[in-house]
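Protein chains: 2
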Amino acid sequence: MTRTILAAFVVATLLSINCFSQASQPTEDFKPSSLNQPGQEYPQVNSQGYARFRINAPKADSVKVSLGLGGRGGTQLTKGADGYWTGTTEGPMDEGFHYYNVTIDGGKFNDPGAKNYYGSVRWESGIEIPAHDQDFYALKDVPHGNVQQILFPSKSTGTPRRAFVYTPPGYETDKSKKYPVLYLQHGWGEDETAWSNQGHANLIMDNLIAAGKTKPFLIVMTYGMTNEVKWGKIREFKIDPFQTVLTTELIPYVDANFRTLDNRDNRAMAGLSMGGMETHTITLNKPETFGYYALLSGGLYNPDELKDKAKPKLVFISCGSKERPDGVKKSVDELKGAGYNAVSYVSQDTGHEFQTWRRSLHELAPMLFK
Amino acid sequence: MTRTILAAFVVATLLSINCFSQASQPTEDFKPSSLNQPGQEYPQVNSQGYARFRINAPKADSVKVSLGLGGRGGTQLTKGADGYWTGTTEGPMDEGFHYYNVTIDGGKFNDPGAKNYYGSVRWESGIEIPAHDQDFYALKDVPHGNVQQILFPSKSTGTPRRAFVYTPPGYETDKSKKYPVLYLQHGWGEDETAWSNQGHANLIMDNLIAAGKTKPFLIVMTYGMTNEVKWGKIREFKIDPFQTVLTTELIPYVDANFRTLDNRDNRAMAGLSMGGMETHTITLNKPETFGYYALLSGGLYNPDELKDKAKPKLVFISCGSKERPDGVKKSVDELKGAGYNAVSYVSQDTGHEFQTWRRSLHELAPMLFK
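Chains as they are written, first to last, in the working numbering: chain A, 1 to 370; chain B, 1 to 370.
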């Protein structure tokens with residue numbers, strides 16, 4: 001069961017990175033993507049969401065970008081007299097963040113113009129299609145929290161492990177205040193860098209807090225696997241080693257080293273895609289540890305699973321409108337019918353990608369720790 | 001003058017990334033580099049310091065790696081029947097970290113097997129040649145400090161700016177203790193990520209503190225330029241905008257948001273290469289702000305520059321033995337002769353690269369804030 005669900009997330013991840021809106025002629029107002037390396041003019045995006053690529057490889061026979069119309073088609077670039085390969089997506093891309101890579105003469109590389117983000121078990125190129133609602137994760141002139149890299153001891157895996165901890169503005173100065181904690185997991189093929197780098201979890205929180213829309217809380221993000229990650233190894237995934245790291249090593253370390261409210265009602269777990277599956281399993285295994293559960297494009301709860309356990313204070317289930325929103329709504333309706341505080345959220349016009357999850361976090365945060 | 005020195009650092013950076021020891025036949029005990037992406041078998045390194053590359057590009061005509069014997073030669077890879085290009089450096093590399101990139105059919109890309117590090121104004125591939133003294137920056141089972149990403153307001157540049165702050169083990173739990181601060185700058189073409197990612201500044205400190213060899217202190221690392229960085233733009237570099245960011249925006253923010261000892265005798269500035277030039281200029285401009293100065297492969301002080309100013313408590317000057325150690329020693333002798341507390345350090349068998357700077361920080365830290 002678990003393996004089948006995991007495999008479904010892998011397939012969803014692989015297919016959805018090429019999602020497209022309808023095609024039309026691009027307007028010539030292309031600008032460099034906000035995720036470009038310093039000083040790099042390409043890749044570019046226009047006001048409609050088209051992406052344009054330009055890559056120097058004067059002696060190559062073929063250069064193709066993985067972003068493009070549906071499936072695995074991608075965008076074939078064509079070579080100019082100057083040795084640069086250029087091309088524009090055949091239609092506008094969905095708003096938000098997309099992973100991609102470049103196939104040059106049969107080998108898979110990254111676009112030297114773009115910054116890299118860990119996804120699909122490799123550091124991929126990233127591009128940002130400006131979204132109509134991008135203000136909620138913009139870098140603004142508001143008080144900013146910090147993202148702390150911690151290295152916590154882990155006897156179960158025999159090595160110090162890395163996590164990132166978001167501490168809200170004021171954490172460093174108001175030394176008496178204690179905070180609730182959200183444990184927030186990435187998806188398959190990603191790692192503990194995803195929620196800050198691609199997800200802008202810190203900026204989402206900074207902006208919500210500045211607007212007085214959420215309680216300040218800590219967010220802890222760690223790597224959700226303990227085995228060696230390789231293509232095809234997903235079937236060997238078991239939850240137990242990660243559950244041990246999370247509940248017997250990381251949580252006690254965070255509670256000992258940060259000013260936390262150390263109890264169930266002030267501890268939440270959420271995850272996207274595979275991280276949702278992990279959240280689902282671990283919250284059901286450890287209902288006394290977490291008071292709030294959230295699955296972002298990562299499975300469903302049904303009332304039978306929850307009964308006879310400590311009752312969650314909130315169950316939040318979300319996905320993109322291009323995923324399976326009916327299933328999310330149906331699950332939440334059933335939970336409500338059984339007396340649970342359940343909330344669904346559907347991100348409009350997005351699929352199994354980070355824009356769905358940025359928006360989901362933005363919706364979820366104000367509901368936590370009430 | 002400043003521009004000439006800066007240009008020299010740029011040239012040094014470009015030339016030194018290909019430094020080599022003497023050639024011989026490699027021993028066949030190659031293992032994946034410690035900086036590889038998860039699950040990646042190549043690039044590999046052997047016990048003598050040879051590097052071996054293997055890159056998939058079945059239809060390419062030419063694949064070359066920038067690491068190789070002296071100058072800009074690099075290592076030409078040869079294509080096997082399986083479509084993979086392989087090659088081994090003609091000799092052992094210097095110990096420690098090296099940036100590199102891969103030229104495929106005339107275009108510059110990264111090795112998809114390696115993690116990326118910002119240097120030479122691009123995210124480059126990185127490889128680690130195991131060093132005989134690598135224990136001092138190894139990830140060990142000792143208490144670990146945190147590396148915090150902060151976003152501090154900057155009126156002078158009109159945007160929040162990023163810095164990383166190392167806080168030592170115990171910082172989160174002993175809430176009354178205040179700490180000295182080292183402001184530590186990267187080199188040309190690098191950014192605020194360099195000292196943690198490539199330099200392991202946090203691990204160097206964790207290990208020194210665990211061994212009781214240094215006082216715990218904070219390290220603050222921010223981006224040392226304010227202009228747009230492009231090739232050829234180095235001549236336009238002026239120190240004033242960065243000096244304003246550092247001394248009127250970042251230092252007050254750190255002092256307000258961290259538990260610092262807010263005075264000259266508890267504040268040091270150090271930098272590598274171009275960051276050394278910046279340290280040199282800013283400490284001479286603001287002798288009342290910093291009590292400890294350190295230049296790592298980044299210029300020299302002479303007694304005339306320092307006279308009639310607040311006296312530094314320590315001047316530390318270092319470089320690799322493959323750079324200009326005589327100049328470093330002569331400068332320090334002159335400073336000592338003029339009554340200054342000056343110390344030189346020469347890293348054996350290394351050049352203008354991060355192993356020199358890791359070792360320099362390891363030597364410097366125990367001398368600070370005495």
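It is possible that part of the hints are untrue.
[Claimed, not checked] No farther apart than 30 Å at their CA atoms in a straight line, the calculated lysine-lysine pairs in the DSS-like style are these: (1) A:K178 x A:K313; (2) A:K108 x B:K79; (3) B:K140 x A:K79; (4) A:K175 x B:K178; (5) A:K175 x B:K175; (6) B:K177 x A:K177; (7) A:K31 x B:K238; (8) A:K178 x B:K215; (9) B:K178 x A:K64; (10) B:K213 x B:K140; (11) A:K213 x B:K155; (12) A:K175 x B:K370; (13) B:K59 x A:K108; (14) B:K313 x A:K64; (15) A:K178 x B:K286; (16) A:K177 x B:K215; (17) A:K177 x B:K59; (18) B:K140 x B:K238; (19) A:K238 x B:K140; (20) B:K31 x A:K155; (21) B:K155 x A:K215; (22) A:K215 x B:K178; (23) B:K108 x A:K59; (24) B:K309 x B:K330; (25) B:K108 x A:K79; (26) B:K175 x A:K177; (27) A:K64 x B:K108; (28) B:K59 x A:K155; (29) B:K177 x B:K313; (30) A:K370 x B:K177; (31) A:K59 x B:K59.
Because the hints were derived from the structure by calculation, they are not lab data. Values in this document were obtained by computation on a predicted structure and should not be read as measured data.
Each hint tested on the structure:
| no. | hint | in the structure |
| --- | --- | --- |
| 1 | A:K178 x A:K313 | holds (20 Å) |
| 2 | A:K108 x B:K79 | holds (16 Å) |
| 3 | B:K140 x A:K79 | violated (50 Å) |
| 4 | A:K175 x B:K178 | holds (13 Å) |
| 5 | A:K175 x B:K175 | holds (7 Å) |
| 6 | B:K177 x A:K177 | holds (18 Å) |
| 7 | A:K31 x B:K238 | holds (28 Å) |
| 8 | A:K178 x B:K215 | holds (29 Å) |
| 9 | B:K178 x A:K64 | violated (55 Å) |
| 10 | B:K213 x B:K140 | holds (16 Å) |
| 11 | A:K213 x B:K155 | holds (26 Å) |
| 12 | A:K175 x B:K370 | holds (28 Å) |
| 13 | B:K59 x A:K108 | holds (12 Å) |
| 14 | B:K313 x A:K64 | violated (58 Å) |
| 15 | A:K178 x B:K286 | violated (39 Å) |
| 16 | A:K177 x B:K215 | holds (28 Å) |
| 17 | A:K177 x B:K59 | violated (60 Å) |
| 18 | B:K140 x B:K238 | violated (41 Å) |
| 19 | A:K238 x B:K140 | holds (27 Å) |
| 20 | B:K31 x A:K155 | holds (26 Å) |
| 21 | B:K155 x A:K215 | holds (28 Å) |
| 22 | A:K215 x B:K178 | holds (29 Å) |
| 23 | B:K108 x A:K59 | holds (12 Å) |
| 24 | B:K309 x B:K330 | holds (22 Å) |
| 25 | B:K108 x A:K79 | holds (16 Å) |
| 26 | B:K175 x A:K177 | holds (12 Å) |
| 27 | A:K64 x B:K108 | holds (16 Å) |
| 28 | B:K59 x A:K155 | violated (47 Å) |
| 29 | B:K177 x B:K313 | holds (23 Å) |
| 30 | A:K370 x B:K177 | violated (34 Å) |
| 31 | A:K59 x B:K59 | holds (11 Å) |
The earlier numbered hints that this structure contradicts are 3, 9, 14, 15, 17, 18, 28, 30.
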